[in-house]
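Number of protein chains: 4
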Amino acid sequence: MPSTWGKIFKITTFGESHGTSVGVVIEGLPGGMPFSLEEIQKDLSRRRPGQNLLTTPRKEDDEVRVVSGVFEGKTIGSPVCLFVDNKNAIGRDYEKFRHIYRPSHADFTYDAKYGFRSHVGGGRASVRETIGRVAAGAIARVILERELGISTIAWVDSIGTVNADLESNPPKSFEEVDSNDVRCPDPKAAPLMEEKIREVRKIGDSIGGTIRAVVRNCPPGLGDPVYDKLDGDLGRAVLSIPACKGFEIGSGFEGTKYRGSEHNDEFYVEEGTGRIRTKTNRSGGLQGGISNGENITIRAAFKPTATISIEQGTVDDTPENTILKAGGRHDPCVLPRAVPIVEAAINLVLIDAYFYQRSLHPEWWQKHSLK
Amino acid sequence: MPSTWGKIFKITTFGESHGTSVGVVIEGLPGGMPFSLEEIQKDLSRRRPGQNLLTTPRKEDDEVRVVSGVFEGKTIGSPVCLFVDNKNAIGRDYEKFRHIYRPSHADFTYDAKYGFRSHVGGGRASVRETIGRVAAGAIARVILERELGISTIAWVDSIGTVNADLESNPPKSFEEVDSNDVRCPDPKAAPLMEEKIREVRKIGDSIGGTIRAVVRNCPPGLGDPVYDKLDGDLGRAVLSIPACKGFEIGSGFEGTKYRGSEHNDEFYVEEGTGRIRTKTNRSGGLQGGISNGENITIRAAFKPTATISIEQGTVDDTPENTILKAGGRHDPCVLPRAVPIVEAAINLVLIDAYFYQRSLHPEWWQKHSLK
Amino acid sequence: MPSTWGKIFKITTFGESHGTSVGVVIEGLPGGMPFSLEEIQKDLSRRRPGQNLLTTPRKEDDEVRVVSGVFEGKTIGSPVCLFVDNKNAIGRDYEKFRHIYRPSHADFTYDAKYGFRSHVGGGRASVRETIGRVAAGAIARVILERELGISTIAWVDSIGTVNADLESNPPKSFEEVDSNDVRCPDPKAAPLMEEKIREVRKIGDSIGGTIRAVVRNCPPGLGDPVYDKLDGDLGRAVLSIPACKGFEIGSGFEGTKYRGSEHNDEFYVEEGTGRIRTKTNRSGGLQGGISNGENITIRAAFKPTATISIEQGTVDDTPENTILKAGGRHDPCVLPRAVPIVEAAINLVLIDAYFYQRSLHPEWWQKHSLK
Amino acid sequence: MPSTWGKIFKITTFGESHGTSVGVVIEGLPGGMPFSLEEIQKDLSRRRPGQNLLTTPRKEDDEVRVVSGVFEGKTIGSPVCLFVDNKNAIGRDYEKFRHIYRPSHADFTYDAKYGFRSHVGGGRASVRETIGRVAAGAIARVILERELGISTIAWVDSIGTVNADLESNPPKSFEEVDSNDVRCPDPKAAPLMEEKIREVRKIGDSIGGTIRAVVRNCPPGLGDPVYDKLDGDLGRAVLSIPACKGFEIGSGFEGTKYRGSEHNDEFYVEEGTGRIRTKTNRSGGLQGGISNGENITIRAAFKPTATISIEQGTVDDTPENTILKAGGRHDPCVLPRAVPIVEAAINLVLIDAYFYQRSLHPEWWQKHSLK
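Heads up: the protein sequence lines correspond to chains A, B, C and D, in order.
For the first sequence, my numbering assigns the number 1 to the initial residue and increments by one for each residue that follows.
For the second sequence, my numbering assigns the number 1 to the initial residue and increments by one for each residue that follows.
For the third sequence, my numbering assigns the number 1 to the initial residue and increments by one for each residue that follows.
For the fourth sequence, my numbering assigns the number 1 to the initial residue and increments by one for each residue that follows.
Please note: incorrect hints may appear among the correct ones.
Unchecked claim - Partial selection, computed: residues in chain D whose CB lies under 7 Å from chain B: (1) S3; (2) F14; (3) E16; (4) S21; (5) V25; (6) E27; (7) G31; (8) V67; (9) F71; (10) C81; (11) Y114; (12) F116; (13) S118; (14) R124; (15) S309; (16) I310.
Claimed, not checked - In the BS3-like style, the derived pairs of lysine-lysine whose C-alpha atoms are separated by at most 27 Å in a straight line are: (17) K96/D / K325/D; (18) K59/D / K87/D; (19) K7/B / K367/C; (20) K7/A / K367/A; (21) K325/C / K7/D; (22) K74/A / K367/D; (23) K371/C / K172/C; (24) K367/C / K42/C; (25) K367/C / K367/B; (26) K74/B / K87/D; (27) K74/D / K87/B; (28) K7/D / K7/B; (29) K279/A / K188/B; (30) K367/B / K74/C; (31) K74/A / K367/C; (32) K74/B / K202/D.
Since the hints were made in silico from the structure, they are not lab data.
Here the structure is a predicted model, which is why all the values come from computation and not from measurement.
Glycine included, C-beta positions come from ideal geometry on N, C-alpha and C.
Make a model of the complete structure from these sequences and hints.
Laid out in structure tokens, this is it:
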């Protein structure tokens, strides 16, 4: 099961919810860099279950520890292995799932692929797998911010049919986003979203939604023009988050309705700075797969959580038709917890593009580095 | 400039429109396999410019020849290099673009990244680069069909605001799709789409649209659960096609509005075959990143072609503000020609997933192979 | 610091001797396979320090535990993470090495590369890093033996100028090799080798030597003809073991003195089996980078351990000339402990070649698999 | 058939001698770099057959042309595809080899692996495949020399039992090496070597030998400490050259006879420069897999050419025992032509290590770059 992301800043994750721990190994870190476990813990805490009443009641403190690659507070160039123990793994909860394929879960496909699976906690299909990406993403975030000034902020933009209205005023800080439990910084939409989530939770159902993200201060020149376009790499990173079924960059599907003369982003020279800018940003900050210096804007679709407490028809592995009444603890809506995962996905793509760019063009690094 | 796709069935493309040729090297082909240049030419001909009045007037016959890897009509296991010569490259057309950054093209970002660029034909940002993927994709298509029975068919689903209505009746053959120039097999929508394209072409403008694709007969078990989910790999493959800005699998963005109880795909045992099936297919054939045996359904957004003949504000590389009146030959709408490119992207993802799956699970191959 | 080996059966190692643990993540394991921690422990115990008086007095029991990828005694296809804790890490021993570059160690080169290093235990340059390869190699060994009947056996062939004479009678079992502490199954040479090691240990010095290995029952067809020749992949795997400075396959350097007519391995049809065999095996079981069914024969050179207790001239990081008297615990000769590491290196190469071969040629697998 | 070398400066080669052309695609080239076809041709001409009476009488001028990636004399960052046409491919010569397995060639192993092969010219097992590496290696050579001052020079060190004596006076220029046909700059040994080659050629036989190489001015810090040690990467690169069966770095096999106190390279501070140097160089310029600033010294073993005109026993693909009398044109000794191939192999390893190092440590690049 390939579990590696990245070419230079390369991460490999491991662990299932049935086991003792989950973790990540990061291979492409420079040596001599200050290493902050606090920054990693910060992002993990935004991701952890049991944060508030909108998420699963399953509690995990998701405390991270470092196993390798750090010495006297600094990286030494060698692989950094980070570990988070599973404290709340209760195998008994799952015995009834041993032979049953839960609808819209990966139980059946795992069996079809591997011929054997762990029925406890969904194995690698568990959202617990994302701990590794979030931990590694935090390291990427710190480097990108320190060396290039890049900031990536995501938020919940819709829950079911409740939409935020933030196009003219997207959030600029994690604090803004975290100002409410649903992580939607629109004060009008947020209470409606929370209400929606409470409503589905009460009846044992779940609900989907969308997340938006914006990357600010990305210098022009990141990303590669063919198969490794930033569009595609960001798309893959986000679409590989559990439950994500759609991805847009810039104008996305809406942009298909426009004429070229309406959609093209005209360039102009910014007064004062002399920088080349675009008047509009329908490209979403990317042209030819490469960043153009404008904000990178992303939208992602998350389907409703597959785990619900409502009775459903399904099959067992005989296979015979049967009925499933799941019970158990689940997130009625993954969106609030998915916010830091989307940010991590983006940061992992950007740092790898950054390290690749300076491998071939160190003079680009000299020009854009804040150091 | 990384130009490689795939882990086992691996392709590397090369060539710009300013050069003599474009091509592809394919590394992971089994030996002893019958090799058909006709099948490759068939797909290339669906992609080539100048097919009809809806596409660019620039004509290329895009005739493919084989340079290596084939002996007496069969593959020998070694890299297959395929070549298509550029017959219609006219450098003079482009002299006026030497110092100008065309809006929503990759001119500016290439300069920002590489410090130097070819102003002729857009370099690698040209859609001419896709010849390599389409050629390699044809080989993948033949293997997937012969060994697993898989068929991938794409079509134009909307042009601007004109939508096809094919949900209950998606096309089942290339002939259906190719029954009109716009490659939309809805006999009501197609003429409206063609009219729309003719309209924008007349005024030197362009228009976007969406493509849908369906993969039939994909056995359960392809794809990997973490970063290499089929969702993400298909997304990356499609989003790396020039002008693509959005991607959906299954219910996509629409699915975010549903509750879990409405969205989940219930399993049942199919009478007669005993196969495990789902009653609905909102998952789009993928669960946990792995195919579940249902149709894989995809939707992709293509922005309007950036090249238009209408006057636009932009900058040169001084940089100073200036005006661009492009002229030149261009596609008023890339959608019809993008259909075989989307199919190739999908087939390249599937064949790689197939070869990976049988590397670890040859008993899966024994079960599902038609041979 | 890239720490990954393999394309399909892919391992990533982590950990330094200054940390709490070392370990490995294995990504390309099939699901549903019986998993034996005992087999892994067996190989680790052959590698561990403090086995006998010929190795370092530093004792570690190197007990392995499994963190992920195994469920109810079988693999589930997901990454297997294996862990070995460092029980005998004593940081104080190393304080005097903080600013000193030990001759022929990696202290200086690490600083030159990363700008910072751990002076404790040599960081990743420690032979402790090889725990991960040996653990993963044990899994590879079991699969290769069970599915193809392959067996890989290495032994010490020389210590200093003391040579074994085993060409006509190479060992056929681990028991033979392990029949003495020096792991040389030549009963005449072994005592002389042990005496040599005791002699250098007494004066705080060290000694080098060579290891030979033979792979039996490798079916023809493994390995790839260009950059991934088995010759090169085996060479890289063995040369990446600490202290290895030379590698030969088949006739090696000696073979350069021959004429083609003397060196070529004539083919013949083996009576009874009808198998194609060679009369001689100067090719060492590989032709064109691919296994030919004969024994694969390897020889590797290990320089004397760099750590000695004898006074040496060196520099500190000022840099200024200085004198180093190391003291501390060290292996007077790494050869006996390197035997299982060489075997692991070989098995990791072969399993990856095997998985790649059956990804493209499952019919080859059908022909050669013992299952 | 994987045919790719490198992680960042990545090359993919293609082509067999039975086809129209051979070539290479290079993916990781910076943009805006002056591109010299002359430098590439220079190295190819040192490699080509028919240079003089010591090599094969088969003549090829091996003229290179550029297909992509270059515009107005400079690279544009996109893949550079280089092509060399096969002018002297004569299929008829080979008909008698259709069903015969030539001893110590890859005929049998190709059939065992791929189930089908080209009997014309050995397919990819032909030394003609090395054109791609030499062409790409020339580009690497130019960059390494211009940006870091690195120079790599190889020469023939022995032919059969005739040894050069150049340890105290290794060659410093290509001109020195090319001063005679055998490419051995020892004026005493060279005539004896040439005589030896003429002797075996006369009787239709062949002879092996060794090549040495030295890399000068490599700054400390290139190479990675675990699986990607320079030792291993150089070993793999050289061992993947056809006919290479042995590899040494520094003291190699000879060094195994020494004690640590004799073998260790003591450091000292060089007067004047203040640089950290070693008094001896038994490490061959590498410590812990990383360059230490001393000369990197390599030795490689090449077996005698398998193609000879002397009668040999072998088998056909029935299989039945038979007799082969090869005839045809062949190199009686590959060594002189292998010299530029070894240099290319080394340069390809070093440039990739260089690009990787500056991706993570651009401050290292600032310190060591000559620009």
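Take the shortest C-beta to C-beta distance between F71/D and chain B; is it under 7 Å?
At 4 Å from the nearest chain B Cβ, F71/D passes the 7 Å test, so the hint holds.
What's the verdict on K367/B and K74/C, does the C-alpha distance respect the 27 Å limit or exceed it?
21 Å, holds
Take the shortest C-beta to C-beta distance between Y114/D and chain B; is it under 7 Å?
3 Å, holds
Need the status of pair K7/D, K7/B: alpha-carbon distance at most 27 Å?
Answer holds: K7/D to K7/B is near 13 Å, not above 27 Å.
Holds or violated: the hint that V25/D contacts chain B, with Cβ atoms closer than 7 Å.
5 Å, holds
Hint status (Cβ of R124/D to nearest Cβ of chain B, threshold 7 Å):
4 Å, holds
Measuring from the C-beta of S309/D to each C-beta in chain B, is the shortest one below 7 Å?
26 Å, violated
Taken at face value, is the distance from the CA of K87/D to the CA of K59/D at most 27 Å?
Within the cut-off at roughly 9 Å; holds.
Given F14/D was flagged as interface, is its beta-carbon under 7 Å from a beta-carbon of chain B?
Holds - the Cβ of F14/D comes within 7 Å of chain B, reaching about 4 Å at its closest.
Tell me if F116/D is really an interface residue toward chain B, meaning its C-beta lies closer than 7 Å to one of theirs.
With a minimum Cβ separation of about 4 Å from chain B (threshold 7 Å), the hint on F116/D holds.
Within 27 Å, alpha carbon to alpha carbon, are K367/C and K42/C?
Answer violated: K367/C to K42/C is near 31 Å, above 27 Å.
Assess, step by step, whether the Cα of K367/C is no farther than 27 Å from the Cα of K367/B, and give holds or violated.
The hint holds at about 17 Å.
Violation of the numbered hints given earlier is confined to hints 15, 16, 21, 24, 29, 31, 32; the remaining hints are satisfied by the structure.
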